[in-house]
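Asks: This is what each chain is made of:
Number of protein chains: 2
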Amino acid sequence: MKYLEMSKAELETELAREKAIYDSFLARKLKLNMARGKPDEDQLDISVNMYSGVPSPISEDGTDCRNYGLLDGITEAKKLFADILEAPAENVIVCGNSSLNLMFDTVARSMIFGSYKGATPWMKQERIKFLCPVPGYDRHFAITETFGIEMINIPMTPEGPDMDLVERYVESDPAVKGIWCVPKYSNPDGYTYSDETVRRFARLRPAADDFRIFWDNAYVVHDLYDDADKLLSIYDEAKAVGNENIFIMFASTSKITFPGSGISAIVSGKENIDFIKSIMTVQTIGYDKMNMLRHVNFLRNIDGVRAHMKRHADILRPKFETVLTAFENELSDLPNTSWTNPKGGYFITLYLDSFCASRTFELCKSAGVTLTNAGATFPYGKDPEDRVLRIAPTFPPVDELKLAVSVLVCSAKIATIEKLLK
Amino acid sequence: MKYLEMSKAELETELAREKAIYDSFLARKLKLNMARGKPDEDQLDISVNMYSGVPSPISEDGTDCRNYGLLDGITEAKKLFADILEAPAENVIVCGNSSLNLMFDTVARSMIFGSYKGATPWMKQERIKFLCPVPGYDRHFAITETFGIEMINIPMTPEGPDMDLVERYVESDPAVKGIWCVPKYSNPDGYTYSDETVRRFARLRPAADDFRIFWDNAYVVHDLYDDADKLLSIYDEAKAVGNENIFIMFASTSKITFPGSGISAIVSGKENIDFIKSIMTVQTIGYDKMNMLRHVNFLRNIDGVRAHMKRHADILRPKFETVLTAFENELSDLPNTSWTNPKGGYFITLYLDSFCASRTFELCKSAGVTLTNAGATFPYGKDPEDRVLRIAPTFPPVDELKLAVSVLVCSAKIATIEKLLK
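Chain order of the listed sequences is L and H. Number 58 in our numbering belongs to position 56 of the first sequence; there are no gaps in the numbering. Number 369 in our numbering belongs to position 367 of the second sequence; there are no gaps in the numbering.
What the hints contain is simulated information worked out from the structure, not anything from laboratory work. Incorrect hints may have been included.
Pairs count within a copy or across copies, as identical chains cannot be separated in the list.
Calculated lysine to aspartate or glutamate pairs in the DMTMM-like style (CA-CA distance at most 20 Å, straight line) [claimed, not checked]:
| no. | residue 1 | residue 2 |
| --- | --- | --- |
| 1 | Lys4 | Glu420 |
| 2 | Lys126 | Glu152 |
| 3 | Lys279 | Asp140 |
| 4 | Lys119 | Asp276 |
| 5 | Lys4 | Glu16 |
| 6 | Lys345 | Glu78 |
| 7 | Lys279 | Glu147 |
| 8 | Lys33 | Asp66 |
| 9 | Lys421 | Asp42 |
| 10 | Lys126 | Glu147 |
| 11 | Lys119 | Glu330 |
| 12 | Lys81 | Asp63 |
| 13 | Lys119 | Glu147 |
| 14 | Lys421 | Glu12 |
Hey, can you work out the whole structure from these sequences and the hints?
Replies: This is how it looks when you write it as structure tokens:
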């Protein structure tokens, strides 16, 4: 029975029932974690062959990868990322173990040197603003907050960020210098930007000539089903309208091979790539080429990557389905409550009734279930309606996950009924 | 016969003789490189066992190194660097493949956020100056130049930088925010700072509270002889006088295992370490822990490192001696000409008569021998006396090195006689 159709007495009975269940969870002194988008152990195991055998250290172009040299990465790694990210290899720089680090560095570089050769450094400008599609990735917002950049919320939709609003801000306000995008299987909704959204991004004519789209393609090949979402190539779309320097794309193999021991890449237009390299050549002699070789030897090419990602999907699908089934079975009667049903990526988003997310988070926490902080998916950690919870189903084994989700749905029910009874 | 004792006619004869030799080199169309401090292939081969076998991915404290986590590195890698760098493990952060990157990031962080919590960012201050012991490391100077930091030359001595001058600048000018130091087997002289020099550094009381010593301990275990230079621990010395945050030390395994595929570390006082981590935690989730494990498994401990470094020394000693013998035999008659005789590190410095370095460099270049650019060891690439050439004997095989040095000494003689005849 829908909660909204229940009498006060019925709600009180339901609350008592859920509280009894909650108390039984409390008694079990659980310690479960659904907070971060981490691969599980089985996922890590499917890449261990990457470490077997000593690869020949000589790259395609004859470079001894054990020694200094090659600022922008070995040819074969550039080609691999070019195929994954749908852009020419000469527009790729292959870097170290963290694409987050590349995003941080890109903001830092713009703060100090400006975002193109000859541009005014952001630190020498009065005000710098970033558009932040919400809910979004907490670590993106942490970067902009740390640099003192003002963040403006942009509502997400199943098609991507509200593009009317994006265009209005970007094309009218020269203080707007960037936007954080996770265009495929967005963090945390799992939405993939529609063709129209990508095209509108590619066609942006910003008021500020030092505006850039931060295109974090973290889940580009991270499909759960054969019937995967399709994302247009921002490179192709931007190139077609002579706007190829509007975006900087970031990606890594963190959730393809090993988080923290993978390789990462930047893709952008030639002018951006040249500018980035001109600073990078002072910053480092080069990134870990042996790790690049290892990755190319193991993954081989885009087909190899796709086959490998199917093994991840086989492990992850039951986990996503565990959460979704529980939500379906347990949360359908709750008012103003919904959840996303992503075909890939690492997260599901649970939208509760307003002002119920924090309370649900706290109830889970007290029962030993760690979720991503309520509010974390918003700039400054502030979810104005207190509705959003990011669910990360990948790390716990299925049985633990089932238990954690039972605690979660129970907590969500309690929070919702408490609110209705107020 | 000393050149200064020769008549004009004798000099002309000598010049003709050297030019004939030079022409014979020209005819051979050589292509030799003594420009950069790169290990040779034999050196790379002694570390390949690091890649054999798949290490257990679980670190001492139970972390699965294949997954996210541990911002500041695994315990055993911290301990290893703590032993190498003579500081407590809790004062160590273990990072990625490049200590140069850490130095760049440290300057960038100070530009944007200041050099301690609450400090005024360098970019918000009028003028920023760095002291640059000369000759020094070109890549250090490239960093400060790129950031628009004013560089002040400080003469090097066999004891280290001229400390009277260092103290005068640091303790009187609040615009002086840093000094580049390579305290052991300095680049390019191969000098090791004396105990007194280290103690005076440790006791610096800067006019600017955001001044830091950039202590690039690149060659800390890179001895060529058993009778190695000894460097005092800056950590111990600074700690003893309550000044442990005066320095930030950098090091890596680039020239222990593999350049570009090693691990690096920062060591400093607790306040600096905490501040660095507070920004680093936004910059990255963590560095490559599998590579840390690999290094610890291979090198084991400080004794393992020392044994390993002896194998490097066995390869490098004959190369250094080839150069030094040639200089001894061929350059002793040249006026105002000397060279350093380092017991470790990667370089020898050749001091020619004034205004002879560029000409020697050019002659070498025309004969197919690439040296580090004349002037490169000075800020802005300007050697005021045009005397210094940095010799990097490590990369070419001994027979190629012999040939390259023959070209070099011949070129040096020609340049010197030409000058005398002017």
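Asks: Would you mind marking each hint as holding or not holding in the structure?
Replies: Quick rundown of the hints versus the structure:
no., hint, verdict
1, Lys4 to Glu420, "within (15 Å within a copy, 99 Å between copies)"
2, Lys126 to Glu152, "both (15 Å within a copy, 19 Å between copies)"
3, Lys279 to Asp140, "between (28 Å within a copy, 18 Å between copies)"
4, Lys119 to Asp276, "within (9 Å within a copy, 34 Å between copies)"
5, Lys4 to Glu16, "within (11 Å within a copy, 105 Å between copies)"
6, Lys345 to Glu78, "neither (30 Å within a copy, 40 Å between copies)"
7, Lys279 to Glu147, "between (26 Å within a copy, 16 Å between copies)"
8, Lys33 to Asp66, "between (48 Å within a copy, 18 Å between copies)"
9, Lys421 to Asp42, "neither (36 Å within a copy, 71 Å between copies)"
10, Lys126 to Glu147, "both (17 Å within a copy, 18 Å between copies)"
11, Lys119 to Glu330, "neither (52 Å within a copy, 48 Å between copies)"
12, Lys81 to Asp63, "within (13 Å within a copy, 38 Å between copies)"
13, Lys119 to Glu147, "between (25 Å within a copy, 16 Å between copies)"
14, Lys421 to Glu12, "within (14 Å within a copy, 104 Å between copies)"
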